[in-house]
Structure formats: structure tokens, C-alpha cells
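Peer 1: This is what each chain is made of:
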Amino acid sequence: MVNLTIDDKQVTVAKDATIYDAAKSAGIKIPILCHDKKLHPFGGCRMCLVEVEQMKGRLIPSCTTPATEGMIVRTSNEEIVKARKLVLELLLLKHPVDCPVCDAAGDCDLQNLTYEYGVSKNPLSDEKFRWEIDYINPLIERDMNRCVHCGKCARICDEIVSFGAYTFINRGIDAKMGTAFDGPLECEFCGSCVSVCPVGALLSRPFKFKARWWAMQKVKSVCSYCGTGCQLTLGVKDNKVLTTIYDENQGFHNGQLCTRGRWGYQFVNSEKRLTTPLIRKGSALVEATWDEALALVSTKLGEAKSAAAALVTPRLTNEELFLFKKLFTEGVGSENLDHSAGYAHAALTDAALKGLGEAASPSVIADIQKCDLLLVVKSDAYETHPVIGFEINLGVKRQGVNLRIVSDKSGKLSRLPGAQTLLHTPGSELVLFNTLANIIVTEKLVDASAPLLDGYAALVTALSSCTVEKGAAVTGLTPEALVALAKEYAASEKALILMPLGLGYPGHGSALAQSLLNLAMLTGRIGKEGSGVLFMGEKNNSQGAADLGIVPGKNGKDAAGIIDGCIAGTIKALYLVGENPVVSYPDRKKVEAALSKVDFLVVQDLFLTESAAKAHVVLPACSFAEKDGTFTSLGRNVQKITKAIKPVGSSKSDYEIFNKIHAAVTGKPLYASCQALFTEISESVSGYAGLTWAKLGSNGVVRPVTLSPKLVPVVAPAPTAEAGKFALLTGSALNHCGTLSQYGEGPMMVCPEGYVEFGRADVKRLSLVEGDKVTVSSTAGSVTLKAKLGNRLSEGVVFAPYHFNDNSINSIATGAPVTWVSVAKAK
Amino acid sequence: MLNVASPLINGLKITLQHLFKKPVTLQYPTERPEIGPRFRGLHALNRYHDRSKCVACYLCPTVCPAKCITVEAAEDPITHDKYASRYDIDLLRCIFCGYCVEACPVDAVKMTGNFELANYSRDDFNYTQEKLTDKQ
Ligand code: SF4
Ligand code: SF4
Ligand code: SF4
Ligand code: SF4
Ligand code: SF4
Ligand code: FES
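Respectively, the protein sequence lines represent chains A and B. This note's numbering puts the first residue of the first sequence at 1, with every later residue one more than the last. This note's numbering puts the first residue of the second sequence at 1001, with every later residue one more than the last.
Hints in this document: simulated from the structure, not taken from any laboratory. Heads up, some of the hints might be wrong.
[As the list claims (entries may be wrong)] Listed next, the in silico SDA-like pairs over lysine to any residue satisfying Cα-Cα at most 25 Å (straight line):
(1) B/K1067 - A/W213
(2) A/K208 - B/I1078
(3) A/K210 - B/E1102
(4) A/K827 - A/S811
(5) A/K208 - B/E1072
(6) B/K1135 - B/R1040
(7) A/K240 - B/E1075
(8) A/K210 - B/H1080
(9) A/K237 - B/A1066
(10) A/K237 - B/C1068
(11) A/K397 - A/K237
(12) A/K210 - B/D1090
(13) B/K1053 - A/N145
(14) A/K668 - A/E303
(15) A/K208 - B/R1051
(16) A/K487 - A/G400
(17) A/K210 - B/S1085
(18) A/K38 - A/D772
(19) A/K38 - A/N3
(20) A/K660 - A/D291
(21) A/K94 - B/P1105
(22) A/K646 - B/T1062
(23) A/K220 - A/G697
(24) A/K24 - A/S698
(25) A/K208 - B/P1105
(26) A/K210 - A/D247
(27) A/K210 - B/C1068
(28) A/K38 - A/G400
(29) A/K208 - B/T1062
(30) A/K210 - B/K1135
(31) A/K218 - B/E1072
(32) A/K646 - A/E683
(33) A/K237 - B/R1040
(34) A/K56 - A/N77
(35) A/K24 - A/E69
(36) A/K240 - B/T1062
(37) B/K1053 - A/K56
Source: prediction; values computed, not measured.
Isolated chain B, as found in the complex:
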């Protein structure tokens, strides 16, 4: 038997309850969301002395499902260490899966809480090593 009234009443009940709760809508941008510690926003490269911590192992470009990371390795002429002479992320292709962070053996790449990534030109979405490396 079809009961028309009870779902309607149930719905109104929920609506009524919400009238007395704190609203979930944020008045962005005046109000800011609280970002969880494991949020996957814009990438950043940790710093080690004068350059990024990346040792150009190529694991993140290998694992990246969107193939949006370009790494080029170079040899430090004095220490013979391997470092990334180029580290670019094409953010327009990134799917923010975080695999790169998981793959990194030296904890060089991380993801920050920065989600405000809108920009004016395509070029602005190419995040170079310089842009990505922590400033301090």
C-alpha cells in the first residue's frame, strides 16, 4: 500500500532539525575551511641546504598516472651528487592522487593545503622546481 504522507513528514522533520543546527556553508572567501593534515593540495618540494631535497630518482614521474611530472637529473660537478636540474609539474594534468608523495624515497615532494589554484594563463599552471621548493 502506498503511503504518501510518511516520507513527506520524514523529510520535513530533517529540514526542521537543520533549522536549529550550525550552518555547513562557508562564507568563502571571508570564511576559510579547516584543512585536514592529509589534504592533497598543491605540491611542494622540501629543501635541503641550497636546493630542493629531490635527488632526481625519477620514481614520481614513473608512478604518476597523469604523466605530469618532468624530472631531469644532473651531476654536481664538485660533490658528484645527483640532483634535479629540472622538476616541473603540469598542474592542469595532475589528478591530485598523491602517488608522487608516496613514491618519493627521500621525502622530497609533499602536498600542501593550498587548494586555491585558479590562474589566468596555462603557463601559470606549470609549476617549476623554483616555484615548488620551500622558500625558507
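In isolation and in its complexed conformation, chain A is listed as follows:
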């Protein structure tokens, strides 16, 4: 700790604090332009000049100067104000000052400081910049005439996003913030640079000229795409969500988002939103009233009883999921209830429940930056949860986390400093982790706590057949590499495993999760800070759905069973809430057959999805922006969302719809509000005990877990392989999440359609050119997709994302971890 005096105030701060930090902690405001709390100090703009008694004679930049013992600092006097005014005058000299047409106006640091310091005329004069404005990419407008050379965009893109799209180019007065070869911007489009730009040099194009900053209402909420649970601020005007607004004080991620969160909000006010209930009359869906539709649904579900089934999206709020489960199990009397095709949540609801006694990750997001070794299962963890990816980047680059990736393809994470990627043959991850566990046992690296756990003896016996040699042969890795990884993992004091889940990853089910938990338990990693396993649920409320038990009851059918049951005729009524199985579940043909066959199909969704088109009744639901509630993110953080706009058309929130049906089928009174439901959750769901609406506050509460670790052996079937065929891996594309992002304009602007990605060797072998049409065929069927060339995949392995309806990949993938396909150039 150091003590110093700032403007006659005594301040005590940590040793690594700068003068700026010290002043901020004492509530003294020093103006800044180029400083950002997330980034390394830069000291480029000189706006933050202060006077230090001990260094009289010149002014000192406070954002880069460490606070030292006994410093006497003055943050404002005549000389300082003069210097700051000069800084502004120099910046304004070549600045276009086109505030009337600049979207940053109102939220522009240069404008605000110019006003604050009363710079109304400039004693200097010069020509303005005449850089060409970049209108090429669809999302970010780059007007370097407005740039103040703070370097924040380049620094955030490099330090946190680890993409490195920008750098200063040219020298002197010609210097500008440029891209590679001063060409068009081709990047991840996370929008971080736009967020931190203090002026209007980088602007969101989808939001361009939509509203002035001051005219928008700013509503705090939580992103409704992936499980990371990033907090957002929605910019709302005239009952429309117009943009997301950056707030550097929001969440663990300091307001940073990914493409989906930053630019995927348009689905809320999409023209395609359903606005009235629809009932099938013959072959057409015709508009109906809510009373008619709800009465029909209640009657049909009531009739079907145990022959009713439901697939519910984990995008709903906890309150809605809780109410739905009640309505379905108690009211309708059916246990056929599931979500996410069954496998995309099994890591939590099956493996973690068996192995830990709770359907939740033992670790939290903060552990990522606290661990010594981070073992990521599949490089795709970056694509599925980009903002968790930023945490990994920061962990590796700032905290010295050792990164090991075990994957069937390399990826962005593989390029981080010191990262090592073990590329295994497709589908062999389970064998790989069992082998690692066996190495830990045979090399006597087992933690003293492990032999005391239930199931230890059985696990050791089961693992004895998973020899290094066998493991090496199946995974295609060398025995040395496997032993080295196991030893490294065991030797690191804090080791954390990350495993993404999702509809695109059928292999990431219960068995794989269990083998990871075994590995962590063998080395005594569960329940320790910076250690353990973090399961990364795909959807915003995947963890909540697991907590609330949106899974089949004892005698109920799971997702696959429900689809089969529809075909067999044992399921008479199917209620799809927000799920679009036609596109997202494995085996499209089968799902379509099931939905066509079932006697009564109700679909409750925002859009007339491919699944909704087959429904007998369609109920228009509300998006996350139109309701209150809570989501539980992948680190078990329970966070509140706030209603930002009125429901679109006559749509109703899922809560309202369930409330009515619940009352109709049970005869019980309506719930007064979703807060009442939250109270009930806190009374009946373990882990939520003691939580109240008020306690959640603006940052949410990480719900606790009570763990009772137990080792459960898992058998790894040897992966299949078919000679002469390609191994097709499905998964997530960086700019998309589920099938919802198809309705978000931003993601569709940069990634509009499905594709199939090839590695270098295959590109050469098939002499492919980017964008070539290729036909990919499996035993289930074939689709024609555009080829994407990359350097992430080994020979004979191809990758395709699953989010898209057109040529959907589930027409050929039927739920195996790897689909064997043949590939040919389409005519």
C-alpha cells in the first residue's frame, strides 16, 4: 500500500495503482481519452496531465505514472487546464467536427471534454484529414478522419480479443489507425473496438443514424444467446430495441460482447415476429384469438395426459421453466419433458448429478483467470462462448495460465502464447480422457483424497484396460504426448477443465463429462478455487434448465424418445416451446416425420420456424427484451433481465402463456407475478435457497453448490472409422448461437449461410476454391454447401456449423459424434 495526497485528500492505494487509479478511488475525476481500465496503460493523449509536487517543472500523465509514497498531486490548476485545452485544440485541428451527423455525439469523449473545457475557438488552423471512409464491411464504419489516435481499438483487439486487426500505419501527420495492408476489415466482428472508441471513428453500421444517444432509454439486461451470461445495456426508443450500448462497468467482462450479443439484437423487433396466435384450418394456419388458441391447447394437453410430451428451450427464464415443469408434470400429468436434444445438457443433468450430486459445474467463470493450467476440450470453446474466450486470452496473456487444448481441430485458442494443442482423431476424446485418467493412476499421481471417494476401486479397475498404447493408437497421438499432458495436469496446483456443450456437439454428452469429472476428482481438483471443471452450457439459461430439472421424469421419455414416440404414435400431443428441432436436432428427416405424424403439435415461438410451420397451434411468445425474469449463466450466476419494451403485436411472454394454461389445466389461481415464482424457486430448488429478487442486484448472485463427489467409470466405445470417407464434425460458427441468430441481422451479415470447412491438405487434394459448391453425403442424405478453406483441420476431416435452416447439416448428421461422409464438388 502507498499513501499519497491528491488535491489535499489523503489516499491509500495498492502498490501497482497509477495516480489516475488513486484519484478515481478517491472520487476525484481526471479527464482521460486514451486510458481504459481493461487495457495496459498507453499514455498517448496527455489529457490526464497532473502536477506532482516532487516532479515540479513538467506535467505528469497520471494514467501511466505509478503512485508512490508521499506524492503530492494536484489534478487541476491554471497550467494544467491550459495544457489540456491545448491537447483538445490540437485534436480538433484536423478533426472534422461533424457532430450533427456523427452517431457518437452525446456519448463522445472529445465532444464532452471540449464542452467541459470550453474550447470554442482554435488559435491554430490546418487542413482537415481526408481519409476515405471504410463502408466495405457490413458492421463497422471506420471514419479515420474522426480518429484521435488513442489506440484503444488496436489495443483491445490485440490484448483481449487476441485478433489483432488494427495497428497504426504511416508516420507523423500521415499516421492513421489501419488494417492489414490498409485493406478492408476482416475480423471476428465482436464490436469491442467500436465499444471502446472514444469518438465516432468506429461506429455500428446496423445502428447508423437510428437514434441519438440521449434519446434512447438504456435498459440493463442479460444476453439471450449463449450461456456465458454477458450483461447488456439495450438502447430503446419508441418501443424498439435499436442497439446494444457499451457500459464498461457491466459484468465480469466489463461490458465487452461478441458478435451475437453486440449485433444480434434485431430479432427482437424483426418484421418476421409472430404477432397473433395461429390455428391450423386444413392446410393453412389462420389467425385466431388467444382465448381460442389457449382453450384448444389446454383441452388437447389435458386429453393427452401421459401421452403428451414437451421440448422446451433453455432460453426461457428460470421462472418460466419452473412454471412449465409444474404445468406439465402436475397439470397435464406427463413426464415426457426434455430440451436440447437430450445430449446437450446431459453433462450437467446426468454426469454432474451422478458424479457431484448437483446438476451444475463445480467451477465458476472467475476460476479461468485463477488457474495454473487450463485444459480446454475442443478448440470450439471459443466459438461457442466467445466472451469466455476473452477470459481465456486474458488468463493466458496476463495471468500466465498454461493452456492445453485437446481437440479434433485447431482453432484460435491454439495460437495463444504457450498454448499446446493435441489434435486427436475425430470422436476419440472419451478414449483420450480415460487414458489420461489411467496414466494418473499408473504413474501414482492420484491425489490423497481420491481413494476415499465412492467408486474409486471400480474406476481403477475399469481404467486398467485404457492403456497408453491403446489410447495412443485410437487417438492418433503419441504415448509420450499423452503421458506428458497427464503429468502436467496432475502437477499443476490449480487445473481447470473447460467443456463446451451444445446441439452441434453430440459427442459432448454425459460420458465425456463423467470422464472429465473423474480426472478432476482423481487429482483432487473438485471444490478448490481455480480448479475443477466448468461445463459451458450452450444457451443463455442452460444451467437454469438443469437446475430446474427440465428433464424427463423417471418414467418419462427423453428428447430422442419423444421423437420416436411421435413416430410410433405413442405420443399424442407435442408441445414445442422455443425449440426448433427440425433444424437443430439430429436427423432432420426423422424429426420432420415425427412432427408431421403427431396428432397435435403446439409450437410456442417468436417466429414461424420450420417446426412451427408444421404445428396445429402456434402461440406467439415474447423475446427476452419484453419480459422480466432471471437466467442462470454457465458459472451458476443467477442474473436478472429487465423488460425493455412492450410485447410485439399481441404476443405474450412465455410466463403469461404458461400461467394461463397452468390455471386451466390445474384449476389453480393465476400467479401474480414472476417474482412470486422466483420466491417459490428459492423455496424449493436447492442452491437457490435464500435468493431474493432484491439480492440479485445488478450483478446477480453465483448460486452455491453442495458437492458430494463420486467416481463413476465410463466405458469408451472405440470410435468408428470408414475408409475413404471424410469425418464430418458439426458444431458452432463463431458468429452464431443456436438457430435464433438466423433472425439477428448482424450475425447474418457476416455469416449468412452454412458452409463446410476443409483443411489445407484436402483443399489441395480436391483442388477447391473458396465458395465452391460441394455435395456432402452421408447414409442419411446429402446437402450442397459452400466450401470454406481453412487451416484448422487435419486431412480427411471436415467441419460444418449447424445453425442454418437452408441445407441444414442435420439432414446428414444423425447424432453420432462423427458422421462419415463422402464429398464431391457439385456440378
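Once you've looked at the hints, dock chain B with the ligands against the given chain A.
Peer 2: Okay, now just chain B with the ligands, sitting in the frame of chain A:
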């Protein structure tokens, strides 16, 4: 002491003086008043090439105390310039304060001497950009 006569006499004096002055009453509409250059009558939008000069900065709707201006911005697909795709003034709510003119950074909106604003229907008081933009 109450003097009854002197105020009466003073009043009559003024009346008498006015008998010999030019009358102030105008025989409107045959006679027209002279409008001062800073008179605040009906608004108009200055023209710049093919459209109004307004760049849709939203300062006038922001400053307007009567909240009677509606502006919507759009981007010219070719030049990427910002322009007002909609500019409406609801004259029934306008209080003719002139703040809009004062706020405008590009001298787009002005106030004219036109004060003859009576009309037959409410809709006629909604002055659109087309109605407001100078004709030449
Ligand atoms: S959008 Fe993201 S990846 Fe692209 S340049 Fe900006 S910070 Fe970098
Ligand atoms: S573009 Fe914006 S963030 Fe980047 S250097 Fe210029 S002013 Fe700073
Ligand atoms: S999609 Fe996920 S990572 Fe992206 S902003 Fe939303 S919650 Fe964050
Ligand atoms: S004159 Fe005053 S009230 Fe009328 S439009 Fe202008 S700012 Fe509004
Ligand atoms: S202040 Fe001027 S430029 Fe701005 S919106 Fe009003 S008329 Fe248009
Ligand atoms: S904020 Fe300190 S030099 Fe820019």
C-alpha cells in the same frame, strides 16, 4: 385629499391627442402589417440542392419545449450522407419560441413572416418536410 377632476382631465387629454394622430388599427386583410425581420412565424426549411438542408441531427426535436418536431434520419445509399427522411412539425402544439432555429447547427430551419395559419382540419397543421422546404 381626493382629487376627482385631474385624472379625468388627464384621460381626456390623451383621447384628444389621439384624435389628431395616425390610427394604429389596421384594416386587415386589405391592409397588411409590416413584419419585423426577426418575427417568428411559420417555419421553413432551407434547401440544399435537391433536398432540405436538414441533416437530421435531432437537436431541434431535443430542444423543442413543446415536443412538436418529429425527425427521422436516413442514410443516402450512395453518398452515405445523413438526411432527414421525415421532418414534421405539429403546428398546433408549437409555441413559436424559435428555439429550434437557435439550435440548428446547419441553418436548416428558419422562421418566416407567415402568420396566417388558420386552416380547416387538424391534419392541415401537420407541416411535413415537403410543405416546409423552400420551393426554389
Ligand atoms: S470487431 Fe473485434 S475482432 Fe474486429 S477489429 Fe474490432 S475488436 Fe478486433
Ligand atoms: S479509431 Fe477510435 S479507438 Fe481507434 S485509435 Fe481512433 S479514436 Fe482511438
Ligand atoms: S452470445 Fe454469449 S458470449 Fe456473446 S455476448 Fe451473448 S452471452 Fe456473451
Ligand atoms: S418554435 Fe419552439 S415550439 Fe415551435 S417547433 Fe420550434 S422549438 Fe418547438
Ligand atoms: S436542428 Fe437543424 S439540422 Fe438538426 S434536425 Fe433540426 S432542422 Fe435538422
Ligand atoms: S489518458 Fe493518460 S495519456 Fe491518455
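Peer 1: Flag every earlier hint the structure violates by its number, smallest first.
Peer 2: Per hint list: 11, 18, 30, 32, 33 and 37 violated.
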